[in-house]
Amino acid sequence: ADPIKIGFLVKQAEEPWFQDEWKYAEQAAREKGFTLVKIGVPNGEKLMAAIDNLGAQKAQGFIVCAPDVKLGSAIERAAKRHQLKVFSVDDQLQDGKGQVIASIPYMGISAYEIGKQVGASLLAEIKARGWKMQEVGAMRIAYDQLPTARERTMGAVDALKAGGFPVTNLIDANLVKSDTESAYNAANIVLTKQSGFKHWIIFGMNDEAVLGAVRAAEARKFTQESMLAIGIGGSKSALNEFAKPKQTGFFGSVLISPKRHGYETSMMMYEWISSNRQPPALTLTSGTLMTRSNQHDVRKQFGL
Amino acid sequence: MSAYLEFEQVSKFFPGVTALNQVSFSAQAGRVHGLLGENGAGKSTLLKILGGQYKPDHGCLRIAGQAQAFHSAGDAIAAGVAVIHQELQYVPELTVTENILLGRLPRRFGFVDKTAARKLVSERLQALGVELDPDQLLVNLSIAQRQMVEICKALMQDAQIIAFDEPTSSLSHRETEILFRIIRDLREQGRTIIYISHRLEELYALCDACTIFRDGKKVATHAQMAAVAQDTLISDMVGRELSDIYDYQTRQVGATRLQVTNLVAKSAARSDQNPQSFFVRSGEILGFFGLVGAGRTELMRLLYGIDSAAAGASIYLDGKELAPMIVSKAITSGIVLCPEDRKEQGILAQASVAENINIANRRGNLIAGLFLRHAEEAQLADQFIQKLNIKTPSREQTIANLSGGNQQKVILARWLAQENLKVVILDEPTRGIDVGAKNEIYRIIYEVAKTGCCVIVISSELPEILGISDRIMVMRDGQISGELRREEANEAAVLKLALPD
Amino acid sequence: MSPQNQASTVQTSTKISKLISKPNPFISLLAKQGMPLAYLILFAVLSLTVENFFSSTNLIGLMLSVSQIGMVACTMMMCLASRDFDLSVGSTIAFAGVLGALVLERSDSVALAISAAVLAGALIGAGNGVLIAYLRVNALIATLATMLMVRGLAFIVSNGQAVGISNESFMSFGDARVAGLPMPVIVLAICFLIFGVLLNHTVFGRNTLAIGGNPEAAELAGVKVRALRVWIFLIQGVVTAIAGLILASRITSGQPNAAQGFELDVISACVLGGVSLQGGKAKISGVLIGVLIMGTVENVMNLKDVDTFYQYLMRGLILLAAVMFDQFRTRGRHG
Amino acid sequence: MSPQNQASTVQTSTKISKLISKPNPFISLLAKQGMPLAYLILFAVLSLTVENFFSSTNLIGLMLSVSQIGMVACTMMMCLASRDFDLSVGSTIAFAGVLGALVLERSDSVALAISAAVLAGALIGAGNGVLIAYLRVNALIATLATMLMVRGLAFIVSNGQAVGISNESFMSFGDARVAGLPMPVIVLAICFLIFGVLLNHTVFGRNTLAIGGNPEAAELAGVKVRALRVWIFLIQGVVTAIAGLILASRITSGQPNAAQGFELDVISACVLGGVSLQGGKAKISGVLIGVLIMGTVENVMNLKDVDTFYQYLMRGLILLAAVMFDQFRTRGRHG
Ligand SMILES: Nc1ncnc2c1ncn2[C@@H]1O[C@H](COP(=O)(O)OP(=O)(O)OP(=O)(O)O)[C@@H](O)[C@H]1O
Ligand SMILES: Nc1ncnc2c1ncn2[C@@H]1O[C@H](COP(=O)(O)OP(=O)(O)OP(=O)(O)O)[C@@H](O)[C@H]1O
Ligand SMILES: O[C@@H]1[C@@H](O)[C@@H](O)CO[C@H]1O
Ligand SMILES: [Mg+2]
Ligand SMILES: [Mg+2]
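Protein chains in written order, with the working numbering: chain P, 8 to 311; chain X, 2 to 502; chain W, 298 to 632; chain Y, 298 to 632.
Hints are supplied without guarantee of correctness; some may be wrong.
[Said to hold, decoys possible] A short list of chain W residues far from chain P (calculated; beta carbon distances all over 12 Å):
(1) S404
(2) S406
(3) R474
(4) I491
(5) L544
(6) A618
(7) F622
[Claimed, not checked] Calculated cross-link-like contacts (lysine-lysine; reagent style PhoX-like; alpha-carbon spacing at most 20 Å):
(8) K330/X - K451/X
(9) K65/P - K39/P
(10) K65/P - K578/W
(11) K134/P - K87/P
(12) K92/P - K65/P
(13) K12/P - K134/P
(14) K53/P - K521/W
(15) K580/Y - K115/X
(16) K200/P - K253/P
(17) K12/P - K92/P
(18) K65/P - K87/P
(19) K253/P - K228/P
(20) K184/P - K168/P
(21) K307/P - K266/P
(22) K184/P - K205/P
(23) K56/X - K578/Y
(24) K330/X - K388/X
(25) K30/P - K134/P
(26) K388/X - K321/X
(27) K267/X - K344/X
(28) K39/P - K53/P
(29) K578/W - K330/X
(30) K139/P - K184/P
(31) K184/P - K601/Y
(32) K65/P - K134/P
(33) K521/Y - K200/P
(34) K139/P - K53/P
(35) K578/W - K344/X
(36) K12/P - K521/W
(37) K134/P - K92/P
(38) K115/X - K601/Y
(39) K30/P - K601/W
Read the hints as simulated data drawn from the structure, not as lab findings.
Quick reminder that beta carbons are idealized off the backbone N, C-alpha and C, glycines included.
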């Protein structure tokens, strides 16, 4: 038989999260002695090219975090064409009708679930600080052009609403681009318009976006005590904030485990190919809120 | 008298072309040295070497006995050489002052001293007797005025050697006179002057000595211009005898074919414009004469539909009304116009000679109304390359690589090659063209006219207008000021109508 | 000069000009067909050194990966040749895909879906053309504006979410093979054929080059410059819409944020292929090579599993190498 | 020609030029200062109709939001004026930020961090310049290549992760205010001042316009065209690096994927401000207006809470409106 070769396709290869997933997948490859092919697939076109490429390289299967979940049918068809096994990670694939494709094994936490966790953490901290919800503005750093970003932030919104947060206090800061500077500018305008709130809570699709808003609020003299921002990803950006001499408005970040997603999926794919052991159809992982104080424990717990 | 500028065994090669072939000659200080030769003979190439734009492949040039190796135009300028190139080289969006002082703007505390610059330029312009607004942008000037800016730019360098490449091809009489006066002054000051022109009268009027080129080689140097007979010059240049370059042929002139009435621009740029009317008969050559800005080009542009005419105009061709005109309609009706500015309006610089000839000729001659007939197009191109003696290594040569005169011939070929011509308008057709080729072009004009076509020729060269026209319209200040039959036309009569009273 | 001297001068010069005007056949081949030749050599080297590169699955995959870029590069070539510029193609791909998918979802009629998307492409293209040719808006700004607006429309009609496709016959178009070649690749080949012929053998193509080379001269030569420009954009819109539909069929969904940055890839492929941004110069073989270079680089980097971050470096270096090779050879020719 | 006749010819032509150059004062003001005037009117209207728009916090926020774009637009203006093009500015911003942050992290020396980033910017710029001016690589491809490579470098040196900044004095630069204005805005103003003077009152600026307007003419007049082009790119690199440092200080980290698509925004602002992509035409006031329009549009849409997807539409429409207004007024002038 051919030596085992497994592809690992991710939607935003430049992001630390995916770099980490790859890193842990490499670890599995080293342990089991298979070849790992890592390809970034920022859009549907590149995704199709990458699957064709894997076919040409005579890989036997691949793990994928697709740029859009609706690419499910296309992935399924392409994999069948090249007789490749598929395992999806992070985001669960759907078919043309929007139904989850259950036949493709999946491991991850849905973007929406992460968002809900952010919302819940915000609520808990509001309570802990004893803020009156009426005096709190909630800023959603919105980048709805990107499906994941929308799902994550809407998860938070739904959690907040469910926890009794006043709907009228929910305000969108719309991004033009998904970077920190854009978030700064968008947040700045929200702060200008909504000068009535005593406190602010801030959430967005990732740590970088949330940080932009924190900087803007700081420039408007909101202190660490009067704002509460929670990011997603637990990236280096978040750690940098925690490393600052003083606590900033960036309270925490919901950390999810790139290790399980990278290492375990690769291992399961390897078993599937080598000994035809079908992986479980659904493996759900969960996130944990990482703050300045618990950062070391949480990271250790995640094996980072 | 010692030679101030010497060329020794200078050669320059381009792919498929030997532009200069071991050319040697020298020019003296305090004299005007004319260069003449057929289109593509290598004159401009020599000046580009002198100006540091090209490096010679062989040979060298010496100034005051000193061998020079220029690596850039800057080197040549530093060595005291100023060149006025055949293709105007100005910056359209900068002012007259900035163009004239390009590369040498005066500074003060590191900043451009605009007042000083303006003063310098306006004083100099005044001293030279040139009427130009120093603050005007070059885009807003006429070609002639731009040419004058070019000349002033070169003169501003106070160079010891000044070379002119066909400076008068776009100048009017008045400006030509000014230029001649300037050149004579420069000669008095002991400068070395090189002067290229295809107009023999000019060369006789101005030059002390001359060198003749043919096919990249020097044919002869005459130390005393006045002692050389015109016939000798012509035969040295074109390699054959040419007694009368106009060679006027009488023709059968028929009834009126083109009738233009009340033609005036819709958005007139000047208030003194009135509707103009004229007619051309079948087989007739109608000359249009006027000073620069007299409005000849403008009138023809209206007729051809480039600019839109005001309501009330009518254009009848063979009894059929054509107004309002647009270019594509003009062409399909058999009216064509060969523009005066070959660089801006004529050549497709990146395209081949063949493409440049065929671009306007392929309508109605397509396979299935869609595909080009490559073989026929090639044949047509070759035919005109031969007929007009266009100097090019092949029809596939990029037109930008041709000499100025040869480019002009290609553009003429584009329009003369049309089938089914009814009206041909030629705006300054022989600008920059050598005498041999002029003669060829006149013959083609007569041939075309003989088929019953109306030919309109605009020219600022009075002898040419007098030499080939059956009838002459004279324009002044935007209007037709008079009309002369061939028999009654002479220099004085035409000028009387052309000059303001 | 004495006649003798003249004679010997002539001899020398013929010798010299022989030396110069008859270069050796290899150099002249290189000068004329430099890029294709270079690509062939590159291709040969890669075939020998990169495992799995020279295999039919991989080569088909490679062609498939450039099928959208290639199609649009054909029309972009015309657009650039006429001294214009089009940034809106990426958005149009996305919009056409989304619109096609939506119509398909509602009507389940492939014909209707295709017509709707193609019509939309034509309108977008014609809109660009009218803005630029008749209203004389700068092409960069005009197409940047349409790029934004069309992307906005794609988001609006789809509500920002991918539109799934479940129509089997539509989906299978992206998969189907004729004589071993996938349909998108066949469409690509047809595009190159059509636009090659259009550029070199029709009045349309020649006039396009003419208006790019010198719009004023073209106008005087009777070319209907403005109408022609509108047509060029319109065709670009139509071809782009078709590319968008093919993409949608390949990825079985219409994605509103598909093909971001696509315009730059397409323009780069053209420029790499020797199309001048100043207009007036274009060669279909060049564009083909440009497209292939872009695709091959990516393909090989994925085959060799080059690190993401180093891929940026490599792509930059290879782009540079390609143009510098081209520059070197054309300069070599001019001496 | 007799002297008398000569004199009257001169008279006629002066008469003509007088007729041409004296339209009524309002039209001529509009023609000359059309864009600034239009912006003023727009500004007044927005101040009256959009709540919160005309407030010092908002206006400062607006200026802050265009401070990076504005700085780089100043040098991009020079670059475009000389008929060049630079796509690498976005990557350079990111790289300079990352590099500065890294050096700061290691050495904790602000001076060292700034020097390193500025040096890197200068090298990148000079590299572009040499590629384009001396090796004659097409500017689009050359700067596209550097854009990719520099972005790659930014990822490589930072390992793809944001580099945190904890140096107080560096961080406070982005926050600090002088006379109520944040430092970045002051730097922006200084840039406009410097480049305005540079363009209009120095040989450097005039020669830049000359080589853009007609490179051959400039070369023939002895302007050192190639050296000048390298300088222009070098300065662009330096200013961009400074912009990158300021951004890093504002967001207290160096982010390798910052400023993507930045280049297009900057170029658009310039073109909107009347800088010609064909070279030879530039006006600092135009660029300022271009930058302000871009910033204002975004600011107002967020103030008015325009839906994200509709924002795309609006931005497109407003871009079009701006250039069409400009087109209309210049066409009016030329008749
Ligand atoms: N850059 C170039 N590439 C190729 N051939 C060239 C180039 N420049 C000039 N030539 C050729 O060199 C020859 C000499 O050209 P040159 O311009 O010196 O002629 P000329 O005597 O000035 O003619 P004209 O009277 O028409 O201006 C011509 O055959 C021309 O086609
Ligand atoms: N000296 C001038 N001052 C102002 N405008 C001028 C001048 N010369 C020409 N023009 C403009 O050019 C137009 C007429 O020029 P046109 O080119 O038609 O004249 P022409 O007789 O063909 O002269 P030329 O020999 O320059 O081609 C005028 O309507 C005027 O607008
Ligand atoms: O889509 C996200 C992905 O970007 C990554 O951050 C992990 O979680 C997924 O849900
Ligand atoms: Mg010449
Ligand atoms: Mg004229």
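These are the hints, each one checked on the structure:
no.: 1; hint: S404; verdict: holds, 15 Å
no.: 2; hint: S406; verdict: holds, 16 Å
no.: 3; hint: R474; verdict: violated, 10 Å
no.: 4; hint: I491; verdict: holds, 22 Å
no.: 5; hint: L544; verdict: violated, 6 Å
no.: 6; hint: A618; verdict: holds, 22 Å
no.: 7; hint: F622; verdict: holds, 25 Å
no.: 8; hint: K330/X - K451/X; verdict: violated, 24 Å
no.: 9; hint: K65/P - K39/P; verdict: holds, 18 Å
no.: 10; hint: K65/P - K578/W; verdict: violated, 42 Å
no.: 11; hint: K134/P - K87/P; verdict: violated, 52 Å
no.: 12; hint: K92/P - K65/P; verdict: holds, 12 Å
no.: 13; hint: K12/P - K134/P; verdict: violated, 51 Å
no.: 14; hint: K53/P - K521/W; verdict: violated, 40 Å
no.: 15; hint: K580/Y - K115/X; verdict: holds, 17 Å
no.: 16; hint: K200/P - K253/P; verdict: violated, 29 Å
no.: 17; hint: K12/P - K92/P; verdict: holds, 11 Å
no.: 18; hint: K65/P - K87/P; verdict: holds, 13 Å
no.: 19; hint: K253/P - K228/P; verdict: holds, 15 Å
no.: 20; hint: K184/P - K168/P; verdict: violated, 27 Å
no.: 21; hint: K307/P - K266/P; verdict: holds, 11 Å
no.: 22; hint: K184/P - K205/P; verdict: violated, 28 Å
no.: 23; hint: K56/X - K578/Y; verdict: violated, 32 Å
no.: 24; hint: K330/X - K388/X; verdict: violated, 29 Å
no.: 25; hint: K30/P - K134/P; verdict: violated, 38 Å
no.: 26; hint: K388/X - K321/X; verdict: violated, 34 Å
no.: 27; hint: K267/X - K344/X; verdict: violated, 27 Å
no.: 28; hint: K39/P - K53/P; verdict: violated, 28 Å
no.: 29; hint: K578/W - K330/X; verdict: violated, 28 Å
no.: 30; hint: K139/P - K184/P; verdict: violated, 33 Å
no.: 31; hint: K184/P - K601/Y; verdict: holds, 18 Å
no.: 32; hint: K65/P - K134/P; verdict: violated, 56 Å
no.: 33; hint: K521/Y - K200/P; verdict: violated, 53 Å
no.: 34; hint: K139/P - K53/P; verdict: violated, 49 Å
no.: 35; hint: K578/W - K344/X; verdict: holds, 18 Å
no.: 36; hint: K12/P - K521/W; verdict: violated, 58 Å
no.: 37; hint: K134/P - K92/P; verdict: violated, 47 Å
no.: 38; hint: K115/X - K601/Y; verdict: violated, 47 Å
no.: 39; hint: K30/P - K601/W; verdict: holds, 17 Å
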